[in-house]
Amino acid sequence: MHIVVPIKLAPDLVEDLEIDAGGAALDRTFLRLIINEFDDHAIEQAFLLKERGGGQVTIVAPDLEGADDVLYTAAAKGADRLIKLIGDFSAGVNCHALARTLAKVIGDLHPDLVLTGVQAHDDLDGAVGPLLAEHLGMPYLGYVAGLTVSDGKCMARKEYPGGLVAEMDVALPAVFGIQAAEKPPRYVVTSLITQAMKSATIEEIETGEFDSGGAAAVERMSRLEATTHAEMIEGSTDQVADKLVAVLRERGLLAPRG
Amino acid sequence: MSQDIWVVVETLRGAVMDITYTSLAAGRILADGLGIRLVAVLLGHNAEPLAGTLGTADSVIYVDHASLADFTPEAYRRTISGLAKELAPRAILFGHTSMGMDIACGVSLDLNAPLISSCERVKLEDGRPWYSSPTCGGKIIAEGPIPDPVCVLTIVPGGYKPEAVRLPGPKEVVRMAPSAALEGLRITLKKYIEPQAADVDIAKEPMLVAVGRGIQQADNIALAEALAQALGGVVCGSRPVVDQGWLPVPRLVGKSGVSVKPKCYVALGVSGAPEHVEGISGAELIIAINTDPRAPIFNVAHFGTLLSMFDLLPALTEKIRQAPRP
Numbered sequence: 002m003h004i005v006v007p008i009k010l011a012p013d014l015v016e017d018l019e020i021d022a023g024g025a026a027l028d029r030t031f032l033r034l035i036i037n038e039f040d041d042h043a044i045e046q047a048f049l050l051k052e053r054g055g056g057q058v059t060i061v062a063p064d065l066e067g068a069d070d071v072l073y074t075a076a077a078k079g080a081d082r083l084i085k086l087i088g089d090f091s092a093g094v095n096c097h098a099l100a101r102t103l104a105k106v107i108g109d110l111h112p113d114l115v116l117t118g119v120q121a122h123d124d125l126d127g128a129v130g131p132l133l134a135e136h137l138g139m140p141y142l143g144y145v146a147g148l149t150v151s152d153g154k155c156m157a158r159k160e161y162p163g164g165l166v167a168e169m170d171v172a173l174p175a176v177f178g179i180q181a182a183e184k185p186p187r188y189v190v191t192s193l194i195t196q197a198m199k200s201a202t203i204e205e206i207e208t209g210e211f212d213s214g215g216a217a218a219v220e221r222m223s224r225l226e227a228t229t230h231a232e233m234i235e236g237s238t239d240q241v242a243d244k245l246v247a248v249l250r251e252r253g254l255l256a257p258r259g
Numbered sequence: 264m265s266q267d268i269w270v271v272v273e274t275l276r277g278a279v280m281d282i283t284y285t286s287l288a289a290g291r292i293l294a295d296g297l298g299i300r301l302v303a304v305l306l307g308h309n310a311e312p313l314a315g316t317l318g319t320a321d322s323v324i325y326v327d328h329a330s331l332a333d334f335t336p337e338a339y340r341r342t343i344s345g346l347a348k349e350l351a352p353r354a355i356l357f358g359h360t361s362m363g364m365d366i367a368c369g370v371s372l373d374l375n376a377p378l379i380s381s382c383e384r385v386k387l388e389d390g391r392p393w394y395s396s397p398t399c400g401g402k403i404i405a406e407g408p409i410p411d412p413v414c415v416l417t418i419v420p421g422g423y424k425p426e427a428v429r430l431p432g433p434k435e436v437v438r439m440a441p442s443a444a445l446e447g448l449r450i451t452l453k454k455y456i457e458p459q460a461a462d463v464d465i466a467k468e469p470m471l472v473a474v475g476r477g478i479q480q481a482d483n484i485a486l487a488e489a490l491a492q493a494l495g496g497v498v499c500g501s502r503p504v505v506d507q508g509w510l511p512v513p514r515l516v517g518k519s520g521v522s523v524k525p526k527c528y529v530a531l532g533v534s535g536a537p538e539h540v541e542g543i544s545g546a547e548l549i550i551a552i553n554t555d556p557r558a559p560i561f562n563v564a565h566f567g568t569l570l571s572m573f574d575l576l577p578a579l580t581e582k583i584r585q586a587p588r589p
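Residue numbers (the numbering used here), protein chains in the order written: chain A, 2 to 259; chain B, 264 to 589.
Okay, chain B solo, but in the shape it has when bound (with noise of 0.2 Å):
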């Protein structure tokens, strides 16, 4: 029994996710607190030289193989699944990503461990380990303790910050053949598309209008637009904008979209959902407008009001334009 606790490491085209060191330093409180090894586990084909950012780690297990080059569901759970049947860890961490919500369903099955989803921090209490995952939109934190002998955990942004985890190593590298067949997947990747040209780079832009779902309908964009262009800057939006085609998809930030890191971020009607809110750790100063008091984006936001954004926002964007410059 090896009792480690486990992160497994998330690559994209021959880099590392900024996920993967929010897990491992949510997996190095987990390590440290129980006085266990914290081990990287990393899939690839020629991809060991990744393992030398992974320095948070004590140990990196490398798995190399062709089916492993990319990312495919079956592949990378078999082989997650065999070593962990194998060396039994106390914990595997996954991302609450695209890639790891694929896999870490099937290998809690697998092992017949619980799964704990969204967890944002861990701790621990009274000598036992805990999650705390944000749910509901971020409106309501459920927290309790990680079950032992074996437990699945995927590991949302924002509790830990990867910057302060990105260090060379690691201090040992165990090269290991993949223990389960990865023949017959019934999944494999064709290829991959670039994402779509955009007409400005949100992720570069120094003022930023972002419209949520509060904004309502289509017809009301015009607004935001209105206050980017007293500002000198553009709109984007969060996912249910971009998804009722209101916004074209280069605009949206967030999980599955742009990380942006301006100035200033007015945030309109947006809720602040977690996979919202992971896009704007960067931003320098946010300003949140939302009538809902209980609106997670206050937590993120420098400077926040409850009025509504139909009154505010004619206002706000005239005193915009008239304010004198320095």
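Chain A on its own, in the form it takes in the complex (with noise of 0.2 Å):
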């Protein structure tokens, strides 16, 4: 069985993010970006299979600073192939673009299945796995938070609101959007980090031009002036928590003890 495993850096959301010159898309030079969270639970659920079931894993990334980390790590973490597009992707691009390029590369690989996140943070024009699925002629199904195989389908679990699980038979090969792995994606030291860097080959693929049509133009873009709304409130530690202790008491919150 062979699981491939498309991963999409998107923006560290704990640093500033800043609008460019011409307004309409993010400020990406000093732009710090990160694995996608739902891309790591992908490479998790992709280890799990392995573990259960045997096969083979393969990353795959685009050329963005950040990128080796990524391959590296999953190397330490069991991963056994690792593939980097190199293009342009320093300006960015659209799902629809990643998507078309990584089928590319992925039809060649003929997977059994491709995981990949459900979502990014920053996806405006849909997602990266449908998208894929489409241009790899498979179906798609997401929302995924645990996959069992066996006689060449898959039995996906896929998440409703409020705690609902659907249990899909999905015939394989197909594409899957995880929303959560079964486990936790696993913690990985940085000695087997730094041993995969010596060990493990990452493979460059050149990827073309890029074709970024299907998505609406963004014509606008602009910072989310927070603190709109709340009451924010200053001052010690101690200042702090009487005066909320305050608006709590005011409102008759405070549970009457015992």
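Hints are supplied without guarantee of correctness; some may be wrong.
Said to hold, decoys possible - Straight-line Cα separation of at most 35 Å, DSBU-like style, residue types lysine-lysine; simulated pairs:
id: 1; chain 1: A; residue 1: K154; chain 2: B; residue 2: K454
id: 2; chain 1: A; residue 1: K78; chain 2: B; residue 2: K454
id: 3; chain 1: B; residue 1: K434; chain 2: B; residue 2: K348
id: 4; chain 1: A; residue 1: K184; chain 2: B; residue 2: K386
id: 5; chain 1: A; residue 1: K184; chain 2: B; residue 2: K524
id: 6; chain 1: A; residue 1: K51; chain 2: B; residue 2: K454
id: 7; chain 1: B; residue 1: K453; chain 2: A; residue 2: K154
id: 8; chain 1: A; residue 1: K105; chain 2: B; residue 2: K453
id: 9; chain 1: B; residue 1: K434; chain 2: A; residue 2: K154
id: 10; chain 1: B; residue 1: K453; chain 2: A; residue 2: K78
id: 11; chain 1: B; residue 1: K526; chain 2: A; residue 2: K244
id: 12; chain 1: A; residue 1: K244; chain 2: B; residue 2: K424
id: 13; chain 1: A; residue 1: K184; chain 2: B; residue 2: K467
id: 14; chain 1: A; residue 1: K184; chain 2: B; residue 2: K454
id: 15; chain 1: B; residue 1: K582; chain 2: B; residue 2: K386
id: 16; chain 1: A; residue 1: K244; chain 2: B; residue 2: K454
id: 17; chain 1: A; residue 1: K244; chain 2: B; residue 2: K582
id: 18; chain 1: A; residue 1: K105; chain 2: B; residue 2: K348
id: 19; chain 1: A; residue 1: K244; chain 2: B; residue 2: K524
The set of hints was computed from the structure by calculation and includes no laboratory data. On a predicted model such as this, the values are computed, not experimentally measured, just so you know.
Both chains come to you apart, so use the hints to assemble them.
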């Protein structure tokens, strides 16, 4: 069984985000990118499936700052093959372009399963998974939190609101949008990553031109001006705590003791 | 060319989902602004009575087929794309949900229609329809025109209240047969699995302390537990915390978890991503404690502080314990 996990790098939301001079895109000059957190779950789910049923896990990442770290970390966790897509990703590519590019590479890998993060927080034109499935001619099922493979098909647990789960049979090969792996993504110690940097090989594949057609244009972007709603309480720890207690007391929210 | 605005109705086990009404509210603005009709598209099997709350729409198209009894991506997508090729709507609105996001991309490619996702609000600007989508965890707002002649949008909750558009009706129901073949489906529903039994039902708790990614590690949950105990409430959390296994699934608040409506919701290190905020719109009082001044949680909170929860919580918990009761 060959499991391919394409990953996307997304802005680290801990950092301040800026809009570029054009006013319709993020300023990418100092943008710090990290692995899309749902992709981290997709990688973990791939390893869980490999541990249960054997097979090979291939990780595919676009050539952006941080891609090598992501790939070597995956190798340290047990990835069998690492592929880096070489192209000009620096200006940012949308889901449509990334999906088309990935399809060309992943189609040649003949995967049984493709696991993607169900979405990324900076997606504005759908998500990579369902678009990729179209280009590969495979079925797509998203919001998945659990997979079992047997006899050429896959049983997927799809999440609905309120904790309801639908169990669906999916014929393979197929693309899944992973909402959460069955277990939290595993931690790997730095020494193993350092070791992987020495022993693992990253294959590089040229992507050619991007085709970003299919997304609607963004004409303006603005930063959300925070604190427009909340009354912000300032002061020392004691002062803030006192004020919050007063807020609770005024509203009759302090529970009787006992 | 009908050039109507379509809203694809989401149903789950015989009930219309709230996101459908949110989408109808957005669709109504577009239809009124453009002087065209708003049409709800309902798929199902023996499900026509569900059209009874879709009165905001001018018309409901109802497609009945055994393969459409429950949502599966291929059957629903083929049916919607088939209808749209026949009737040529101006825009198709899906929920940005477990159902909508499975098929919106496919439908947009089938129709060669541009796709706009995470749309929260729509408006008419100089006669042109516009979308507005929060992105990057709600920290950035992207806007632009909704392209013609056809466009597919996925709608997130938050922009419009579902209650206001849950109206009896509709004026007409048009029954149609699926125009696409529904055989050879590669995805089939086997069964539903009920939610894990909960020790407490957070939907009914009046006092909730929510922990987000800012809690940093499992050991720190104890700080939230202490505060919750002082308040006579319980601890719940956002997706990253539950995914880490630090809280059980029934304590998850938001899109794939529980929608809560407590008297008081204290959010500790919760950024306020749209998926979380959609679960707390019913909270009467929201207090946010977060060191990031740009955290979107401050846009829904009533009170906020930028102090570190690790500094504030011990003092706050103690003061609540000591506070005189009425």
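So, going through the hints one by one against the coordinates:
Between the alpha carbons of K154/A and K454/B the distance comes to roughly 16 Å, so the proposed pair stays at or under 35 Å and holds. The straight-line distance between the Cα atoms of K78/A and K454/B is roughly 34 Å, inside the 35 Å bound, and the hint therefore holds. Among the hinted pairs, K434/B with K348/B is consistent with the structure: their alpha-carbon atoms are about 24 Å apart, no more than 35 Å. A distance of roughly 42 Å separates the Cα atoms of K184/A and K386/B; the hinted pair therefore is violated under the 35 Å criterion.
With a C-alpha separation of about 29 Å, the suggested pair K184/A and K524/B falls inside the 35 Å cut-off, and the hint holds. Between the alpha carbons of K51/A and K454/B the distance comes to roughly 25 Å, so the proposed pair stays at or under 35 Å and holds. At roughly 13 Å between alpha-carbon atoms, K453/B and K154/A fall within 35 Å of each other, so this suggested pair holds. For a cut-off of 35 Å, the pair hint linking K105/A to K453/B stands: about 33 Å separates their Cα positions.
Between the alpha carbons of K434/B and K154/A the distance comes to roughly 44 Å, so the proposed pair goes past 35 Å and is violated. Under the criterion of a C-alpha separation no larger than 35 Å, the hint pairing K453/B with K78/A is consistent with the structure, at around 33 Å. Between K526/B and K244/A the CA atoms are separated by roughly 18 Å; this keeps the pair inside 35 Å, and the hint holds. In summary, the hint linking K244/A to K424/B is supported, as the alpha carbons are separated by about 32 Å, within the 35 Å threshold.
Proposed proximity of K184/A and K467/B is supported: the alpha carbons are some 28 Å apart, at most 35 Å. Taking the CA atoms of K184/A and K454/B, the gap is near 23 Å; set against the 35 Å cutoff, the hint holds. Between K582/B and K386/B the alpha-carbon distance is near 47 Å, which puts this suggested pair outside the 35 Å criterion. At most 35 Å may separate the alpha-carbon atoms for a hinted pair to count; K244/A and K454/B exceed this at roughly 51 Å.
In summary, the hint linking K244/A to K582/B is supported, as the alpha carbons are separated by about 10 Å, within the 35 Å threshold. A distance of roughly 28 Å separates the Cα atoms of K105/A and K348/B; the hinted pair therefore holds under the 35 Å criterion. This hinted pair checks out: K244/A and K524/B have alpha carbons roughly 23 Å apart, not beyond 35 Å.
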